[in-house]
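One-letter residues, chain by chain:
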Amino acid sequence: MKKGLSLTEILIAMSIAITILVPVVSMFSTAGRTVQKSIVFSFSTGLARRISQHLMVVPFDEIQEIPLPGVSLCNSIEDPFFNPLINFSTSKTGQESITQTDLPDFFKFLALYDFRYALSVSNVSFGDGDEIKSVAIIITWRENGKDMLYQTHVYIPSM
Amino acid sequence: MERICFTRRMYTSPQCKKKRKTYGFTLVELIVGLCIFSLIGGIVGHWFFMQRSYQQKILEKSDAQQRIRRSCWKMIQELRTARTILSPRVNPDNSIHSDDKIFFKNFSGDIVCFYFVPKENLIRRCLIPNGPGSPVVDKNPIGEGFSQVAFTAQDIGNRLVGIYLEGNGAFGLESVYLMNE
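These protein sequence lines are chains Y and G, in that order.
Here the first sequence stands for residues -9 to 149, numbered as in the numbering used here.
Here the second sequence stands for residues -12 to 168, numbered as in the numbering used here.
No lab work stands behind these hints, which were simulated from the structure alone.
Some clues are possibly wrong.
[What the hints assert, rightly or not] If you want the ones that stay clear, here's a sample from chain G, every Cβ over 12 Å from chain Y, calculated: (1) S25; (2) A51; (3) V123; (4) Q141; (5) L160.
[As the list claims (entries may be wrong)] Heads up, simulated DSS-like pairs for lysine-lysine below, C-alpha to C-alpha not over 27 Å straight-line: (6) Y/K123 - Y/K27; (7) Y/K123 - G/K48; (8) Y/K98 - G/K126; (9) G/K44 - Y/K82; (10) G/K88 - Y/K27; (11) Y/K98 - G/K88; (12) G/K88 - Y/K136; (13) G/K48 - Y/K136.
Owing to the predicted nature of the structure, the values given are computational and were not obtained by experimental measurement.
The beta carbon of each residue, even a glycine, is placed where N, CA and C say it ideally should be.
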């Protein structure tokens, strides 16, 4: 009797091995991607919350629509919500914005996902001069070539 | 009766030759097999090792993000209902002003401080009571694993405080509006 494996046996063995290995491999990458997604999503909710808090101190008439694709958080030297970001000195000269020069690590993270914000503003008038602005805060970013979006609403009274 | 081959002459005899062809592997076959096996094993092992370290790294980042969220939440809850911010306040030229610690007065008149300890990479809370008594530092920190912390006075009325936290490749960017200022 001749010992050894036939081609059919080898092919069957390889098919079984591949059938087992492929889900294991994809399990690893799927778990990693899911964790990464949750990190980015968690960060974007924080950004929306930050804008909602800033809107409380923005004069009512200055709350304006910012259409999509929105304003990038990186490289914008001055905007009402994110730049300048920090200033450890006692004058305007020490202000630091989210730029490659000032905050390289943070800039790299934001640039990687291209985080942007947009505002959709709707006015509601009550007739006697009182108004409310319904502001939709939209955070967008790019993840694995896909456009992602997080949205929340705040209502700002004119009083 | 089965013949056992001991010597070279016996081993190369027709009977033994036939037996050698039928059973076992030659040294060359074994070496080639081992080479292929170690090559595939090495690639697969390396891949698994890389994946493991990647998973570890990403989990650490996720934990860091969670710590940032939890710490921000704890501080925001208390800051939101503060009476007034004592420090940091906006600069005389109305520009924003940051510090790695923040002092504020709550509605009981106590002074509360959140401060960053760079050597231990953590944020602690200290309460200076309104009246007799010495400052009390909380036993448990607000959060740990931070490499940079900044509390920033954002608006002229000192009602808006920005919080920037960084640690282990994760970032937190939050703000809190003081409702009672």
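Does the structure break any of the earlier hints, and which numbers would those be? 2, 4, 5, 6, 7, 8, 9, 10 and 12
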